[in-house]
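A.B. asks: Here's the letter readout for the chains.
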Amino acid sequence: MANVLVFAEVRGGELRKVAFEAVTAARSLAELSGGGQVHAVLAGGAGIGGKAELLARYGADSVLVLEHDGFAQYNPEALAATLVQHLQGATYAYALFSATAQGRDLSPRVAAKMGVGLAADLTGLAVDGNAVVGQHFTMNGKVIATLAITGAPAIVSVRPAAFQPAENARPLAAAAITSVVDPLASRVKVVALKQGGGDKIDLNDAPVIIAGGRGLKSPANFQLCEDLADAFGNAAVGATRAVTDEGWRPHSDQIGQTGRNVSPTLYVAVGISGAIQHLAGMRTSKTIVAINKDKDAPIFKIADYGIVGDVMEVMPAFTAAVKQARSQG
Amino acid sequence: MKIAVCIKRVPVMEVKFVIAADGTRVEESGLKYDVNDFDLWAIEAGLQLREKNGNTGEVVVISLGPDTAQEQIRKALAMGADRGVLLKTDAMPTDGFAVAQALAAELRDGGYDVVLFGRIAIDSMNQMTGPMVAELLDLPCVTNVCKLEVANGAGRAERQLEGANEVVEFPLPALLTIDDGLNKERLPSLKGIMAAKKKPLDVKPAQLGAAHVTVRKMELPPERAAGRILGDSAAAVPELVRLLQTEAKVL
Amino acid sequence: MSLSNIVFAVVLVGALAFFVRSARRLTKWLHIGRAEVRTDHAGERTRNLLLIGIAQTKILRDPIGGMMHALVFWGFMVLGLGTVEIMIQGLATGFTWDVILPRFLYLPYVVSQELFAVFVLIPVGYLLYRRLVIKPKRFHDDAVSGADAVFILSMIAILMVTLLLIFVMELTQPGASSDGRVISGLLVPLVGGLSAETAHTIGRVAWWMHALLILYFLNHLPFSKHLHVLTSLINVWFSNTSGPGRIGAMRPMDLEAEDAEQFGASDVQHLSWKNLLDGYSCTECGRCTAACPANLTGKMLSPRMIVVKTRARLTEKAQMLDAIGEGGTATVEQQAVLDKTLLDNWITEEELWACTSCRACVQECPVSIDQLDIINELRRDLVLMESRFPEELAPALTSLERNGSPWAFSAADREKWAEGMHIPTMAEMVAAGEKPDILFWVGCMGSFDDRSKKITVAFARILQAATVKFAILGQEETCHGDPARRMGNEYLYQMLAKGVIETLDGYQIKTIVTFCPHCFHQMGSEFPDLGGRYEVIHHTEYIERLLDAGRVPLDTEHGQRLKVAYHDSCYLGRYNEIYEEPRRALKKALPIIELVEPARTKSRGLCCGAGGGRMWMEETVGKRVNVERSEELLATGADQIAVACPFCMTMITDGVTGAGSTVPVLDISEVIAARLTAVPAPLP
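Protein chains in written order, with the numbering used here: chain R, 8 to 336; chain G, 1154 to 1404; chain V, -17 to 666.
Be aware that one or more of the hints could be misleading.
Claimed, not checked - Computed footprint of chain R on chain V, listed as stretches where at least three residues anywhere in the stretch have a Cβ under 8 Å from a Cβ of chain R: (1) 325 to 339; (2) 601 to 615.
Stated by the list, open to error - 25 Å max Cα-Cα, derived SDA-like pairs, lysine to any residue: (3) R/LYS224 x V/GLU331; (4) G/LYS1352 x G/ASP1187; (5) G/LYS1337 x V/GLU331; (6) G/LYS1370 x G/ILE1172; (7) R/LYS300 x V/ASP432; (8) G/LYS1337 x R/ASN147.
Said to hold, decoys possible - Estimated spans, in silico, between C-beta atoms of each pair: (9) R/GLY57 x G/ASP1385: 52 to 62 Å; (10) R/ASP301 x G/ALA1364: 51 to 61 Å; (11) V/GLU332 x R/PRO226: 33 to 43 Å; (12) G/ARG1236 x R/GLY57: 17 to 27 Å.
FYI, nobody ran anything at the bench for these hints, they're computed from the structure. Beta carbons are placed, not taken as given, at the ideal position from N, Cα and C, and that holds for glycine.
Model the full assembly from the supplied sequences, consistent with the hints where possible.
C.D. replies: What follows is the structure in structure tokens.
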């Protein structure tokens, strides 16, 4: 039986989905160790305490609320110091973070301050005696290592989307805590947050990429790709060299050897034959869908799913289906 | 300006890795090595900082690894760094904190204005050594830097988050970890390669910390399933969407 | 000795002295360039001199203009004898070769002088007409001035007219022999009304004009682009960088030399003296630029200007050095001129990276100037000294270094195409205690590019059907570094090439067959400089041999009669003079096809646009080269386009698709493999 301290990530005053994933993971870690308590740290500016209830809903036995203007933006120095104080003072066997840009910034600071190790970006969690055991991608994702971490506490971070948030409501027990250092005196200051939001997502950031090739026949038909990207919501539109050379799309949209190298979760190749120049820039994508008229097109060799057909016919149907699927999800 | 860049020798990733007989590491025979990509951008950032400051001061490249990692340090010297230090160890620890302690010991009395790391090493994928070193040296630390300005003893950077950027201000000395997008690294010229042979490179034993993290097992992810043609018209779309939801889990 | 003899002697000595001074100055300037041995292969060089120099084979590639120029050239050679006669006459009035020569030799001499005076006059008239009226594109491109050409042509015309006047007036003199006077004999009646005295005076005036003009001409040349009159034959003899059979092999480079501080060239002193002599020999005719795929699709590169600018920079620098004098101190302004460089101040990066290394310029140059050699040396400086190159090249160079392929694919995927084909690797053959007859070198395109993999499979099937005992290197194959070399990265090239040679020698490989002309050229023509000596055969040639030996079971009779246009690969054609083998292989395999030729073909063939590292660069200026070439191929009305290079395959397929055409583009091996009758049985 061991208690878990989990850090719930906030951005722009809102809890992120990864926070619920982290609480879910922490909950499961507590159960695996024989049923300990999960304490979630919720830090933010004025009014952040109002979000505590959400964390209780996903299984936080207690929510430690650190509410101060100095935490309105991410404040790594004051957060690390405060977390360390709690980890040293209480009987936490484990500390858990999200393996996000924020969590991967904060967790090593905490581990180093405590003089313990860190097992980062885990996709699975188990407890074996006094060790936490978890899976971690190495070698650019080509090898999976099973890591074991010991220490008091054992600090881990979990990969986004590896743990689906599961509701497991507890009665809300929120407690205000204070920073051990003046949060306004941190040397490193986040002065602004530039949200991606309304602007177009960059190809390198987009989890979904819709890329068009010469099979689209004309620049106007790129609207089919734009529509599908809009349907996904988190998608960017790319193009092949042939297309950017023709001037249908700007050169900055080019994916391939002489353009951008991308590796999204989902890559939809529309009217792209799959020349070596193009494949060199996208073949590490996780899932590849190809739509092309020519059944011999090389793109089908690396695609997970293919439709041999006219893009003019398939794309509108695909867009409609994605819209529908997302509205139901 | 005195700049340190910590770099790592990593395998070239375009290979099929083989798990060694003991099941806890990858087979090293046949692997080729290069400087970790993110570290190349860190080197480039260091060189640009030096250039923008009238080419005064020095860029020192520090690596922890086996004797052969001298080759990667030489590459950094060929790109334009001034001298190198190898903290030699024959066995690379899995534990990032053990590595951080050895690097911090070397950096501590160096008098560096800026210490640069790559955001992540693509072999271990730990992404922790930089901020750990910062804590050990009590340095201001900004990770995931994709934009950077340094002037008058202070800096302003953008941190790359998922779908957003944070604008961060910090005083010097500081430790930064460099993300992609900040720059594109220069390729060493032959002239640089020749000059690098004559630059100083110290080799000393690494003072590694104790390890808290160990590898129990290494395995290869399941092979990518062969692609499937779902149909020859829009009629195949429902099946495609179903597979994207249930099998690929990307929708 | 008359007064006029004395006057002439003074003029002659003065003119010759002035000429010698000019010539010595030009020779001295050549020494600004690097030393280079160009006296090897004397036999081949002499053959070049006779064919390209004397017989004017390259200038005759332009049938009309070429013939006109050749007549002037041959005229100069023949009339040269007459010029000597005239010079001696100046010193000893009344001298003719008749004094020395027997009658049977003198008479043909007279006839030759008479005829060639006209043979020169006619083309000079045409050439003037072309300059002033027709004005072909290449004469006014690049803002080259035609004024000097018009001046020179006019001077030659005057020389010929005065020569004929001398002949005619001589013939009007009492007692003159009309033997052999085939032209002036016809012209005499026109001047019948002149008294002998008047005619004599006119003849003397013409003689003086002619003689003085020749001496002036001689001294004008060193200051004019028409210096080629004096240097072209020398240039042709010293041309041919790499010796017989190794056309286009890049200049070897010693990277291990401890004291080396300059790699490649950024200024004239880093070029070889022969590159500088090229400058002297260029008459700015523009044949190179007119054939340049980059230039004719609107890029900044003009091979002519590469040479012209090299000469201009040499002149600028050399004159400045002369002005400062040996041991002298340069003023600030003078130093500024010396500090300029050929690269950047004269030739820009943009020009250099536009080059596809197709060798069309070198092929066309009538005096064997090597424009490409200068481009390559400047690229080497950019990459090796300054690490300056288009940013799109960085991934290719990085991948070559890391993965041994210009694309970041895993070596483990190299033999994926062979799955289920029972093709042994060298390692497997050696393990079984066997040796293959040939090594099939697959190449990076053939290994990784899905379109090219079909060529790989097709060729392997032909080999299997013909029961050739062959092996592949499989995962042991890596790029030989040719792309890096063409991009100017000699260091990376040598690293990769030496690695490949080590692998090949480790297996004691003698014969290599490949379908990539770049691999073919690199391993066959450039490896010898690094100590790798193999018989390397291109698959088109090898297929032809198999067909000749009757080893390929083919259906040659049936099917549709197809019109096929064959696109020549530069590295097969201009680099290795393989033009007929692919065509013969096609014809032999498929007598039912009809070969059609595009407008530019064989040694004049237009590049696909991928060479010289262009495959890995963006093409944003002007028309795309592959589009230009594809349109030309489609214009033949062919039902199919045949290529013999995986890079051409990519570029032409792209161009044909872009043109909205569905004409298939196939490799020769695919055309033939589709006709195999026997299902190939795997080798035991």
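A.B. asks: If a hint holds in the structure, say so; if it doesn't, say that too.
C.D. replies: How the hints compare with the structure:
Proximity of the segment 325 to 339 of chain V to chain R, defined as three or more residues with a beta carbon under 8 Å from a beta carbon of that chain, is not established by the 0 residues found. Closer than 8 Å: that is the beta-carbon criterion, and the segment 601 to 615 of chain V has 3 residues meeting it against chain R, so the requirement of 3 holds. Straight-line distance between C-alpha atoms of R/LYS224 and V/GLU331 comes to about 35 Å, which puts the hinted pair past the 25 Å bound. Distance hint between G/LYS1352 and G/ASP1187 is fulfilled; the C-alpha atoms sit about 19 Å from each other, no more than 25 Å.
Our distance criterion of 25 Å between C-alpha atoms is met by G/LYS1337 and V/GLU331, whose separation comes to about 20 Å. Straight-line distance between C-alpha atoms of G/LYS1370 and G/ILE1172 comes to about 9 Å, which keeps the hinted pair within the 25 Å bound. Straight-line distance between C-alpha atoms of R/LYS300 and V/ASP432 comes to about 17 Å, which keeps the hinted pair within the 25 Å bound. Pair hint G/LYS1337 plus R/ASN147 holds up; C-alpha atoms about 20 Å apart against a cutoff of 25 Å.
About 54 Å separates the C-beta atoms of R/GLY57 and G/ASP1385, a value consistent with the hinted range of 52 to 62 Å. At about 54 Å, the CB distance of R/ASP301 to G/ALA1364 agrees with the hint of 51 to 61 Å. A hinted range of 33 to 43 Å for the beta carbons of V/GLU332 and R/PRO226 is inconsistent with their spacing of about 27 Å. Our hint of 17 to 27 Å for G/ARG1236 and R/GLY57 is violated, since their Cβ atoms are close to 55 Å apart.
The earlier numbered hints that this structure contradicts are 1, 3, 11 and 12.
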